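Residues per chain, in single letters:
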Amino acid sequence: KQEVTQIPAALSVPEGENLVLNCSFTDSAIYNLQWFRQDPGKGLTSLLLIQSSQREQTSGRLNASLDKSSGRSTLYIAASQPGDSATYLCAVSGTASKLTFGTGTRLQVTL
Amino acid sequence: DAGITQSPRHKVTETGTPVTLRCHQTENHRYMYWYRQDPGHGLRLIHYSYGVKDTDKGEVSDGYSVSRSKTEDFLLTLESATSSQTSVYFCAISEDGYGYTFGSGTRLTVV
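Top line first, the protein sequences correspond to chains W and E. First residue of the first sequence: 1, per the working numbering; consecutive thereafter. First residue of the second sequence: 1001, per the working numbering; consecutive thereafter.
Since the hints were made in silico from the structure, they are not lab data. Bear in mind that the values here come from a model prediction, so they are computed numbers and not experimental data.
FRET-style restraints, in silico, Cβ to Cβ:
| hint | chain 1 | residue 1 | chain 2 | residue 2 | range |
| --- | --- | --- | --- | --- | --- |
| 1 | W | T58 | E | G1040 | 28 to 36 Å |
| 2 | E | T1026 | W | G16 | 37 to 45 Å |
| 3 | E | S1083 | W | R55 | 39 to 47 Å |
Ideal Cβ positions, reconstructed from N, Cα and C, are used throughout, including at glycine.
In isolation and in its complexed conformation, chain E is listed as follows (with noise of 0.2 Å):
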C-alpha cells in the first residue's frame, strides 16, 4: 500500500533463531500496529505504537518486543523463534485512531 511498507514480504526461519520485522511509513503518521492473522482468529494485536519510543502491549505479545526510534520505523522482534508464531504479520499506520493503512504482510515460517 502507497506510504507504508513491510519487509521482508516472506521468511523461513528456524525455531529458536531471532527474527526481525521491519515496517516503514512515508505518512508521519503517530500511530503504529502490528497484528498478527491466524485461521480462525482472524487479526490480532500484537504491540503498537503511539509515538517514538512510546510503545504498548496488545492482545498477543508474549513472546514479541518492539522498537520505534524514528517516527517512520516500527520493528517487531521475535526473540526466539516457534512454530506457533508462524502466521501472516502486517502493519497498519493511522495518523489520528480512525482511519487505517495496512501493510501488505509478511508471511513467516517458523521450521
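Next up, chain W with everything else stripped away, as it sits in the complex (with noise of 0.2 Å):
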C-alpha cells in the first residue's frame, strides 16, 4: 500500500524567505507526482504535475523536483509571500490513475 509523508507539518517564516517542503513515498511505481495548495475552507488547486520520466517542473516561484528511484520530491518556494500561506499537499498517481495523498504542510509567512 502507498504512503505518503510530508515533513514538515507545519511551517512559519518571514516574507521573502526561500522554503523547501517535502514529499516522500513508500511506492516508487508511479505514475506522476502532483503538488496541490488548498485554502481554509476551500477546494484543491493543482500547482505542478511531474511525470514519473522528468526530475522536475517549474511554474513562476514554484520548482517541484522528483527522485523516484529514492521516493522524495521538494516543493520550492521563492521569495515567500503572505498570499502563499496555505497548506500544501504531495499526491502520487498508481493503478487506475488514483491520487494518494500526504496530510499536508501548512505554511504561514509572516510580514
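Dock chain to chain to rebuild the complex, using the hints, since each chain is given by itself in its own frame.
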C-alpha cells in the first residue's frame, strides 16, 4: 500500500524567505506526482505535475523535483509572500489514475 | 471550481439517515472521484468512476455507494449515516488520469 509523508507538518517563515517542502512515498511505481495548494475551507488547486519520467517542473516562483528511485519530491518556493500561506499537499498517482495524498504542510508566511 | 460543482455545500443530518451528495461536471471528463478529508488523514479515496456505469472502490469505501448514470453526474450515497462519516467530501474529475480538478467540497455533519 502506497504511503505518502510530508515534512514538516507546519512551517512559519518571514516574507521573502526561500523554503522547501518535502514529500516522500513508499512505492516508487508511480505514474506522476502532483503538488496542490489548499486554502482554508476551500478545494484543492493544482500547482505542479511531474510525470514519472521527469525530474522537475517549474511554474513562476515554484519548482518541484522528483527522485522516483528514492521516493522523494521537494517543492521549492522562492521569495515567499503572505499570499503563499496555505496548506500544500503532495499526491502520487498509481494504478487507475488514483491519487494517494500526504497529510500536507501548513505554511504561514509572516510580514 | 469552473466545470465542477458539488451540492450541497453544507449538510447536517441525523445518524441512521441516508444522504446523497452530488458532483456535476461540464467538462465531459472520463474519470470522476470522491475523496473525504479528515484531520490527520489527508484526503482518502472513497470510490471512483472511469466511465458511465463503471465504478470501483477506493481505500475507505465501507458504508458508501456511488452511481454514475450520466457522464456529467457522480453521486455518493451514505446508506445509513454514522458520526464517523462526518467529514469534508471532495469530488474530482480528470480527463486522462493526469491533471485533476477538484470541487469546492461538501461539509457533512452527522449528529
